[in-house]
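Starting from the structure of chain A, add chain B where the hints point.
Protein sequences, first through last, are from chains A and B.
Sequential numbering from 1 applies to the first sequence in UniProt numbering.
Sequential numbering from 1 applies to the second sequence in UniProt numbering.
Simulated from the structure, these hints should not be mistaken for lab results.
None of these values were measured; they are calculated from a predicted model.
Mixed in with the good hints there might be a few duds.
Since copy identity is lost for identical chains, a pair holds within one copy or between any two.
[Claimed, not checked] Dumping the calculated DSS-like pairs for lysine-lysine here, alpha-carbon to alpha-carbon at most 30 Å: (1) 115 / 307; (2) 147 / 351; (3) 198 / 375; (4) 235 / 332; (5) 202 / 307.
Number of protein chains: 2
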Amino acid sequence: MKEKITIGILGGGQLAKMSALQAYKLGYDISILEKTKNSPAGKITQNEFVGWVDDYKILESFANSASLITLENEFVDYHHLEFLESLGKKVVPSSKTISLIQDKLIQKDTLQKNKLPVAKFVSINSDTTYKNLSQKLGEKFILKSRKLGYDGYGNYLVNNEKSLLEGINKLSERHLELYAEEFVKFKKELAIIVVRNKKEIKTYPVVETIQKNHICHLVIAPIKLNNDLLNYVKKIAIQSVKAVEGFGVFGIEFFLTNENKILINEMAPRTHNTGHYTIEACVTSQFENHIRSILDLPLGSTEMIDKFAVMINLLGKTNGLNFPQNIEAVLKNSKAHIHIYGKEESRIGRKLGHITLVGKNKNELIKQAKILERKIIY
Amino acid sequence: MKEKITIGILGGGQLAKMSALQAYKLGYDISILEKTKNSPAGKITQNEFVGWVDDYKILESFANSASLITLENEFVDYHHLEFLESLGKKVVPSSKTISLIQDKLIQKDTLQKNKLPVAKFVSINSDTTYKNLSQKLGEKFILKSRKLGYDGYGNYLVNNEKSLLEGINKLSERHLELYAEEFVKFKKELAIIVVRNKKEIKTYPVVETIQKNHICHLVIAPIKLNNDLLNYVKKIAIQSVKAVEGFGVFGIEFFLTNENKILINEMAPRTHNTGHYTIEACVTSQFENHIRSILDLPLGSTEMIDKFAVMINLLGKTNGLNFPQNIEAVLKNSKAHIHIYGKEESRIGRKLGHITLVGKNKNELIKQAKILERKIIY
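So that you can see chain A by itself, here it is in the shape it has in the complex (with noise of 0.2 Å):
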């Protein structure tokens, strides 16, 4: 690298934030692009571009104050990132990439392709009945938004004819091609973060994830479960980003079944909530090798520093509070660790920020995560 570099962000929340700070820590700029001004990361650089993907000025302008672009959510419309990219610019993840991920059917669909275990899983057209779909998934079965579906936004619970259409009539709503999928019965949710460059591909530790309302709520770092259990996940992991051409860090998300099986239940081409835990877990956090693997950089170390890790999100208990109250005591705590992204206002259930707890007693950490995470009035 010859040049000073300014990495061009497509987002402006907490992960664009976290991105930001290593790269930052690692002496490169900084480019954002936000639907909104005083975004998290909008508003740690002089270079806040409002406005959005649709709007090819801006994504211009955005783009020449670049050097290359990634991006914090799955969302952006593959063709944008194709207009990117012919401008001459590096799009990593690239929009090939993307395409293979942000439709969650064509995702699935490359996933199977690659012999990697997905539930089963239904396009679903104007003929689809419910008697097809449960001819295939079984009586019950999860409607599902192709597009755009996050934290349970984008998914139905279906077990009959009324239901069927009722789901159909709801997701459209959000968005209008749909698809259904198995309800899978499971023990656990686990997740791992894969990074990977031209030359390197790793995979930070499996780690079991508990979710609440649909909502990632709780990561524990790592996930007890037998060697070989653990080294398939890993294997499938690497696989999946492989399958879609994949570069940079990737979240993904498992189902343990209760006949020990383990289906791949998604994946994000992104840094990812259930790795947020390697900023204080890990000698290189997901953030740093985010930046390392999109500039080809050699990546750092997934190791964990110590035995466990525990991280809970803080999400929003009021609408309209601009500060958190009560830090004080995640700060008096020596084993915890807190983050605010400094988002303008609170929502009921926003992710307005996390805590971290590294240590060497798994359960004692997952207590004060909970104790923690109530104090604190957001």
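Frame of chain A, contents of chain B only:
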């Protein structure tokens, strides 16, 4: 803390930048005043004020942008801090503390009055002769600028009448007021970081520092020394901070003399080069504790998370290069962490970044640090 907070920092160099990154982690905003545009900290905020403390118009706008004010060097004349305080702004450390530190003669005098161990010193005025000084300090002593000295600038070794005159002429170019100090023969140089808020005061481990051409080159944490000496260093470090009514982070440097005596060399009312290792090697870095202490938030643990840490400075080896070459060599080493400050250009001897290695084998870390430092082209 009910309101969103913007922390104003006087100065936009690497110390301001590394503090800013921790403030961002905790959800605060940052405002920077620096003489030139695009300073390391100035360019990572939209609140970048260009000008300096003697321009009260810009100083007042800067003050208005900030909830409270701190600083990254002790060269800001304390009268300008009094002006900020007269506007009703909280300044940490205060104008009072800075007035007791920035003039090294007053600093030494304050420490001595508090019965803290310092080398012998004598003030200099127009009547001073070599004979007077040598009677009190010995044949060989050091002439020093009372203000604005750093990295050896502002020091002159004197051993006869002639070199005294030469020294006075040379140093007066920089700053008119001088004093003279005993030439201390020492075995080692030590340093410690102290952090204090209204309720707590904490010390980091005592470290060994190795200078090269009067610039901090290598820091080894912790130093191997008998417990009585270590406790004594910690005790007088705390007393020194109290002696100057200090709050915030302080870096204090010591000599371990040939006679095994500890003398305070100097103290800096800010985050310190000898504390950079704390970013990766301690539970809470000096920069996060700086932010916590000025906001009177609970201080984080200052304990190390591994056995040893070694920090080596990356000093400019060329003039004009705008980005370091071959950082890959460092990124490949899983024990090494690199920080690049993002200065607009290199200059021979300029502090442009640093590398910290963390691990269990001290000699191996020192060896690796020196090898890696040589590989970077900057």
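### Task
Any hints from earlier that this structure breaks? Give me their numbers in increasing order, please.
Failing hint: just 1.
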